[in-house]
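A.B. asks: Spelled out, the chains give:
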Amino acid sequence: MDFDLSEDHRLLQQEIREFSFKEVAPGAEQRDHDCKLPKQLWDQLVELGLLGICIPEEYGGAGMDTVASTIVVEEISKSCAGTGVFISAHNSLCVDPILAFGNESQKRKYLPMLASGTVGCLSLTEPGSGSDAGGAKCLAVEEKNGWRINGNKIFVTNGAEAGVMVLIAVTDPSEKRRLSAFIVEHPWEGLRIGKLEKKLGIRCSSTAEYVFEDCLIPKENLLGERGKGLNVALATLDGGRIGIGAQALGIAEACLYVGARYANQREQFNQPLANFQAIQNKIADMKVRIEASRNLLYRAAWMKDRHLPYGYYSAMAKLFASETASLCANHAVQIYGGYGYTQDYPAERFLRDAKITEIYEGTSEIHRLVIFRGLTSESETGWTAKV
Amino acid sequence: MNFELSDELVALREVARDFAANEIGPHARQWDREGQIPREAIAKLGELGFLGTLAPAELGGAELGYLGNAVVIEEIARQCGGTALMLAAHNGLCMGHLLVAANDEQKNQYIPRLASGEMLGSWCLTEPSSGSDAAALKSRAVLDGDQWIINGSKMFVTNGYQAGVFVVMARTSDDSKTKGISAFIVDRDTPGLTVGEKEDKMGMRASDTVPLTLEDVRVPRDHLCGELNQGFIDALRVLERGRIAIGALSVGLGRGALEESLAYAKQREQFDKPLTEHQTLQFMMADMAMEIDAARLLVRKAAVKQDIGQPSEIDASIAKLFASEMATRACLSAIQICGGYGYTKDLPVERLMRDAKLCEIGEGSSQVQRIIISRRILEQAKGM
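Chain order of the listed sequences is Y and V. Using our numbering, the first residue of the first sequence is number 246, and each one after it goes up by one. Using our numbering, the first residue of the second sequence is number 449, and each one after it goes up by one.
Don't read these hints as lab results, they were simulated from the structure. All C-beta atoms, glycine included, are put in the ideal place defined by N, C-alpha and C. Where hints are given, some of them may not hold.
Partner residues are not named here, just some residues of chain V that face chain Y (Cβ under 10 Å, in silico) [unchecked claim]:
| no. | residue |
| --- | --- |
| 1 | A505 |
| 2 | F731 |
| 3 | I825 |
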């Protein structure tokens with residue numbers, strides 16, 4: 246066993262950490278306030294290659310692995326969780342399914358775009374189907390010259406910026422395998438952005454509604470096999486959970502960082518808060534859960550890179566890390582006291598940002614179901630022989 | 449990065465798992481009740497090399513390293529926490545201190561006998577009035593010609609009832625609290641050493657715990673273990689490594705809680721369906737599984753760092769703290785899942801819970817771990 250990052254990964258971590266500290270952290274408060282990710286920051290991310298980090302070099306990407314993209318999301322999220330999920334959603338919800346399920350011409354067409362500045366997203370959730378993703382209603386009807394799409398998708402992360410989406414829609418309403426996956430470009434006739442959500446946290450990351458009204462897309466935009474849409478969605482989410490886990494870990498680490506710093510600075514009863522055991526206990530509990538989250542997370546990423554069955558493990562990583570983020574953010578606000586409740590300090594933003602990690606890309610409840618299922622089925626934990 | 453056990457450790461785990469299931473599990477309830485592990489069982493552990501997990505091969509050890517030690521302890525604890533605690537104290541504390549501090553002559557004299565199971569080892573730090581504040585110990589050793597004369601009393605000595613040798617911490621200087629303590633090797637039959645009655649404990653009952661009285665105990669001058677006045681510093685290193693083992697022990701207990709309660713839940717029906725089909729219980733077991741896995745990774749990371757010589761003090765504290773509290777939570781959940789049956793001794797989960805509680809207390813309480821961890825973080829945060 247070896248828990249250390251490789252030299253390449255360590256260098257990447259250093260580079261992104263520095264970038265995050267210098268370029269992402271300073272505007273985080275403003276972006277949260279404006280609910281917008283400035284094009285300039287987005288361009289910087291493209292320039293650094295972060296939107297093509299897992300895309301093979303032959304398609305214009307950096308050709309790195311899941312461990313690398315986990316490092317990126319973790320480090321960026323330490324400064325701004327909204328920017329973190331922008332990168333994570335692009336990489337794991339759009340690039341990843343095209344890489345995994347796309348045919349050669351789809352890869353040749355879309356991956357270079359996604360590596361060079363076109364933002365990607367996944368349209369899965371609908372007003373009536375969240376955790377029960379298989380209950381989608383958005384309809385794709387096959388016609389002579391394409392697929393005609395009608396319906397609504399909501400809670401689409403990156404929806405305001407995206408130029409390419411992976412869409413899950415109903416192609417065979419009466420079949421058991423009723424869903425299929427598609428690649429849809431935006432703008433496109435018959436597709437418009439509806440409501441933009443106003444959210445508790447990750448406010449600079451856009452969350453959009455997509456309205457499809459007789460939107461006709463080319464036949465060749467079917468992604469993977471007809472009827473396998475739910476497989477595409479679930480496999481995509483298995484990987485996406487690593488990204489959200491990384492986002493949660495980054496938030497938790499930021500909370501520990503500011504909490505410990507403030508505990509040293511702030512004096513009450515003629516001594517620093519850090520002298521009080523009640524505060525020390527919070528610091529220790531944050532650190533313990535952060536370390537545990539990191540191990541779970543990087544193991545899941547490492548497994549994905551080795552093509553081991555990792556869904557059970559990424560579920561544990563995401564569940565643990567997201568609940569850790571909320572706990573750490575809550576502790577950070579508490580250490581700051583009244584100041585923590587104001588927008589003069591970042592702790593309240595961390596708390597607002599942390600909450601979403603327990604909800605999206607599979608709620609904590611869905612993850613517990615996934616874990617329990619894995620626990621009772623050898624096939625889903627198939628790797629246990631070496632654990 | 450590599451999150452897999454090596455083939456050798458997978459093989460070791462299988463040996464330990466089979467042995468624990470066949471030779472320990474069936475007797476664990478009896479050993480808990482009677483408060484002892486039979487000699488024959490200890491001899492078998494010796495044959496497997498489990499009484500010399502950390503000792504080098506040239507001294508008769510199995511040389512498994514801290515990761516291998518953690519793998520063995522988890523498997524034994526899965527069936528019997530007391531037996532695992534006996535191993536942890538013998539390997540990690542007594543032999544651990546000898547490996548850290550003893551000279552070659554001392555090692556040659558004691559390690560092979562300990563590793564083979566010829567005798568068990570104990571380690572004596574705690575006293576009636578010094579637990580978490582271990583350096584406040586009052587036992588005293590005074591040099592008299594070629595002998596040390598030791599006086600004092602020790603508390604909560606694991607394995608003491610049957611140990612052949614004791615590593616005893618005693619004060620040798622009043623100039624410094626922490627740098628005024630030395631370690632001594634004391635043979636069981638040394639006059640003046642009295643082994644008291646076994647403590648009647650809540651759990652870990654198969655492992656014996658005794659008080660010791662030392663009255664003008666004379667040991668040869670060369671029984672000083674390590675440098676004079678450095679005994680407490682060495683003890684801290686021993687404890688740091690010992691915590692990895694207590695973490696592994698906790699993982700084994702947590703796993704026992706999950707496996708036993710899951711097996712029960714599969715066959716127990718209420719409201720016309722197995723307990724496994726009730727979401728509340730599914731979630732309890734999912735949490736147990738996740739936390740066990742998180743704890744195991746923390747333990748293994750600390751062990752790997754120890755094996756490759758990286759500083760691991762904080763990792764060991766983190767692993768021990770999380771794993772021990774996880775084990776208690778998991779065991780309480782297991783009892784809850786098993787309901788009234790779980791509250792009886794017909795199912796093993798109540799024993800696991802009693803065993804688990806000790807892991808939050810022994811070898812540095814949870815509260816001490818939090819002090820160690822937060823002190824480091826707050827120190828690092830200065831100047832940020």
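A.B. asks: Hint by hint, note whether the structure agrees.
C.D. replies: Structure-based check of all given hints:
1. A505: violated, 21 Å
2. F731: holds, 5 Å
3. I825: The hint holds - I825 of chain V has a Cβ within 10 Å of chain Y, the shortest such distance being about 5 Å.
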